[in-house]
Amino acid sequence: MTRFLVTRILSALLALLGVICLVFLLIHLIPGDPVEVMLGESAQPTDKETLRHALGLDLPLHQQWWIYFKGLLHLDLGTSLFSGRAIVDLLIERIPATLYLSLVSLIVAIGLALPLGLVAAVRQHTPLDYGAMGFALFGMSIPNFWMGPLLILVGALWLGWFPVSGREGWNSVVLPALTLGTAMAAILARMIRSSVLEVLGEDFMRTARAKGLSPTRAVLHHALPNALLPILTLLGLQLGGLLGGAVITETVFAWPGLGLLMIEAIQQRDYPVVQAAVLCISTTYIVVNLLTDLLYAWLDPRIQFTTGDG
Amino acid sequence: MRNSFHEFRHLRHIRPTTRSPIGSVRKRLHGFQLNWYMWLMVFGLISIVGCTEPLPDYTLRFGLANSPTNLDPRYATDATSARINRLLYSRLVDFGEGTVPVPALATWRELSPIHYRFTLQEPTPLFHNGARLSANDVKATYASILNPATASPHRGILQIITRIDTPTENTVDFFLKQPDSLFPGYLVIGILPANLIAKGHPFHTHPIGSGPFQFLERADDTRLMIERRADGQRVEFLRIPDPTVRTLKLLANEIHLLQNDLPPELVTYLSARKGITLQQRQGANFAYLGFNQLDPVVGQELVRKAIAHAIDREHIIQFVLRGRARVAQTLFPPEHWVGHASLPGYTYDPEEAQRLLKKAGYDYAHRPTITYKTSTDPFRLRLATIIQYQLDQVGIDVSIQSHDWGTFYGDIKSGRFQMYSLAWVGVKSPDIFRYAFHSDAIPPLGANRGHFADVVSDRLITQAEQTLNKQEQQTLYRTLQARLLDTLPYAPLWFEDHYALASTSITGYQLSADGNYDGLGQVRWMGPPSVPPKHIARLDP
Chain U
292 MTRFLVTRIL SALLALLGVI CLVFLLIHLI PGDPVEVMLG ESAQPTDKET LRHALGLDLP
352 LHQQWWIYFK GLLHLDLGTS LFSGRAIVDL LIERIPATLY LSLVSLIVAI GLALPLGLVA
412 AVRQHTPLDY GAMGFALFGM SIPNFWMGPL LILVGALWLG WFPVSGREGW NSVVLPALTL
472 GTAMAAILAR MIRSSVLEVL GEDFMRTARA KGLSPTRAVL HHALPNALLP ILTLLGLQLG
532 GLLGGAVITE TVFAWPGLGL LMIEAIQQRD YPVVQAAVLC ISTTYIVVNL LTDLLYAWLD
592 PRIQFTTGDG
Chain R
20 MRNSFHEFRH LRHIRPTTRS PIGSVRKRLH GFQLNWYMWL MVFGLISIVG CTEPLPDYTL
80 RFGLANSPTN LDPRYATDAT SARINRLLYS RLVDFGEGTV PVPALATWRE LSPIHYRFTL
140 QEPTPLFHNG ARLSANDVKA TYASILNPAT ASPHRGILQI ITRIDTPTEN TVDFFLKQPD
200 SLFPGYLVIG ILPANLIAKG HPFHTHPIGS GPFQFLERAD DTRLMIERRA DGQRVEFLRI
260 PDPTVRTLKL LANEIHLLQN DLPPELVTYL SARKGITLQQ RQGANFAYLG FNQLDPVVGQ
320 ELVRKAIAHA IDREHIIQFV LRGRARVAQT LFPPEHWVGH ASLPGYTYDP EEAQRLLKKA
380 GYDYAHRPTI TYKTSTDPFR LRLATIIQYQ LDQVGIDVSI QSHDWGTFYG DIKSGRFQMY
440 SLAWVGVKSP DIFRYAFHSD AIPPLGANRG HFADVVSDRL ITQAEQTLNK QEQQTLYRTL
500 QARLLDTLPY APLWFEDHYA LASTSITGYQ LSADGNYDGL GQVRWMGPPS VPPKHIARLD
560 P
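Taken in order, these protein sequences are the chains called U and R.
Per the numbering used here, the first sequence runs over residues 292 to 601.
Per the numbering used here, the second sequence runs over residues 20 to 560.
Don't read these hints as lab results, they were simulated from the structure.
Among the hints, erroneous ones may be present.
[Claimed, not checked] Restraint ranges, calculated between C-beta atoms of paired labels, are given here:
no.	chain 1	residue 1	chain 2	residue 2	range
1	U	Trp357	R	Thr395	30 to 40 Å
2	R	Ala384	U	Leu441	43 to 53 Å
3	U	Trp357	R	Gln529	48 to 58 Å
[Said to hold, decoys possible] Lysine-lysine pairs mimicking DSS-like chemistry, simulated, CA-CA at most 30 Å apart:
no.	chain 1	residue 1	chain 2	residue 2
4	U	Lys361	R	Lys447
5	R	Lys447	R	Lys489
6	U	Lys339	R	Lys489
7	U	Lys361	U	Lys339
8	R	Lys447	R	Lys158
9	R	Lys196	U	Lys339
Glycine residues also receive a C-beta, built at the ideal position from the N, C-alpha and C atoms.
Just need the whole structure built from these sequences, with the hints factored in.
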């Protein structure tokens, strides 16, 4: 287990280092000049040179990288070119909103997908199965930028139950979470169905039924837990995506999260904020995947040996 | 949870009832099962919170497409920041009728062509921290902008200042490198308290000015709350990027006011709704087609003139912009003090366009091909498609390239284009002519992005800048505009109108000529303050 843990953590750190290098190079690879962004077109060349020197942008690349890396170790991500605010403060402001939306969306997704997937698997080739999978197809086919305004129209305008957008109260999370959650639920429901179907054909399920367990108990207590492992991987990936900022949904609902921050920064060419947002999102992916792997190994102790032996 | 976990550890020693291949999975997950009564408690709590009656809400909410990026006027360059900073800070000079510089905080006298004296008008306003604004604050603000270490984007134009003196507490003297009769119009930046500048106060996050509104809070970049000093009326700016959602929010009475940045069809739709009023006013934001003069196709004057004649601006304004614009002939509208109302302009004349193209050596068998760059904004893309069609009708092949704003603007600034469409927003001073058209202003020295080089225009720009006689200056600038219309570095399109859509629960908002938010100084509720929709569980005071 220790070897597995160490291997996984080391590979995650290696990936993180790669991301840091790529994110650092981002500012040098993309067209545009941060100094010109800050000073505007009317700035004098001498002023541009002065600022470039002050920002350390005239130093050799390796020195700039080392300064950037040292800054990261102290959680110094720089300041926004436009607002002049510390980027760490911007992230601290936005991450809780994204985290909140992600978790509620995940709950919505699981809440929808679990019964749908189970019913579809247990009642395979029946109208219930077709209905559940039809919903899944529907959920996967509808893009968020369409689903969002549709939910706003119904939930906020017609019914008047929820705010149209923004983070304006406890219930403002409902519509964006439903938008994200239904799309996720669709994929999850299909995964749960196929995973449960696979497990239902296993020998231990026949044993469970043979010893007199009710079908419901056999499915809930034996089939479902054993079917959850592949679903966990999918959930990990999807949660990573959500925590990285659901860009479209956050934009539609003016949800003050990481996705909206990144879009704003890209539009304004606020390079340090884009760098920090990309780094934050990549780190989230790496951490969530690491945790998924560890959870996977914890739930199924055989995994570590399989992985360890290559 | 902890009890369940211990229970699980205990159960490890018990043989599973069923020999599943992953027998431990069920047991481990079992530890996370919540009891039903806990769920009931959670739902009960949510229901109690949901039943809380919303309190009467005195806050006026203003929907914005973009957040203000910087609340420090020394750094702010975007239109939203500039408009909000006008509410938070006072400035020496403003623009009045005909976009002529008029006194705001101070009156001025030209003691010599290179020496201006500004006298603060009594009583000088108080800063939001209680201190009274003085000449020292004016000096400190401009000195700070002129300091290269500040890295202010406004330094460029103000570098004409060589020295700032404060002979008395209410007098500021500006000394210039060379005569510039437009100089007072440059002093429109909000004044900051000198002592706080010295302390390095973070004005960008905690602005302290002497304007009619004071900063209250900014929970995050999408919300900004300010308060009217005269009566405590609160105004909250909310960033709602999606225009459809902004529209729905106004319909749901979650915001009470929005201004510009909506597709024309949504403006028409909202203006027809009960409970919403539309205000409209002619604007001065100049939309144009820019050309690369170094390009072998659009570098030809005949081709540019053919393009100008091939575009049916009247119909685009009538059917696409829904009448919320007027045809432009030059960069300044006729009501501007250098505006030229009698310029003939280019009428829609496809035959003339074809004749000009033929003269330039093109015909249907040998059609010019132009790449037209624009942003990814759906409305701008729609306009580009219409222009593409109209140019095709006279024999010009146009391919549209749309890029995200950053890439598009980067390409334009770097001269990587054949033809593009953009707009000059908020231009008030005729010094723009040097910046945009003088042959010395090719990037990075200015914004002559199309490399326009015309000796006559250069001479007219210099003469207009040097003359100290206002009448003569006006004549020179009008002659220059006629010249620019003839040589066509830009094909003028239109000036888009400003509009504001407001809930009928508020009144008194006056739309300004340049689209600023100064009308918030007079806005008030009709009758008692609005109560927010019941579904918003807001806890504002």
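* Asked: Is the distance from the Cβ of Trp357(U) to the Cβ of Gln529(R) consistent with 48 to 58 Å?
  -> holds (56 Å)
* To do: Quickly compare the C-alpha distance for Lys447(R) and Lys489(R) to 30 Å and report which way the hint goes.
  => With Cα atoms ~16 Å apart, Lys447(R) and Lys489(R) stay inside 30 Å; holds.
* Asked: Straight-line Cα separation of Lys196(R) and Lys339(U) no greater than 30 Å?
  -> holds (21 Å)
* To do: Would you mind confirming whether the straight-line C-alpha gap from Lys339(U) to Lys489(R) stays at or under 30 Å?
  => Between Lys339(U) and Lys489(R) the Cα gap is close to 35 Å, so the pair fails against 30 Å, i.e. violated.
* Asked: Quick one, are Lys361(U) and Lys339(U) close enough, alpha carbons at most 30 Å?
  -> holds (25 Å)
* Asked: Regarding the pair Lys361(U) and Lys447(R), is the alpha-carbon distance no greater than 30 Å?
  -> It is violated: about 46 Å lies between the C-alpha atoms, which goes past 30 Å.
* Take the C-beta atom of Trp357(U) and the C-beta atom of Thr395(R), compute their distance, and say whether it sits inside 30 to 40 Å. => holds (37 Å)
* Does the Cβ distance between Ala384(R) and Leu441(U) fall inside 43 to 53 Å? -> holds (50 Å)
* Taken at face value, is the distance from the CA of Lys158(R) to the CA of Lys447(R) at most 30 Å? -> With Cα atoms ~24 Å apart, Lys447(R) and Lys158(R) stay inside 30 Å; holds.
Hints 4, 6 from the list above are not met by this structure, while the remaining hints are.
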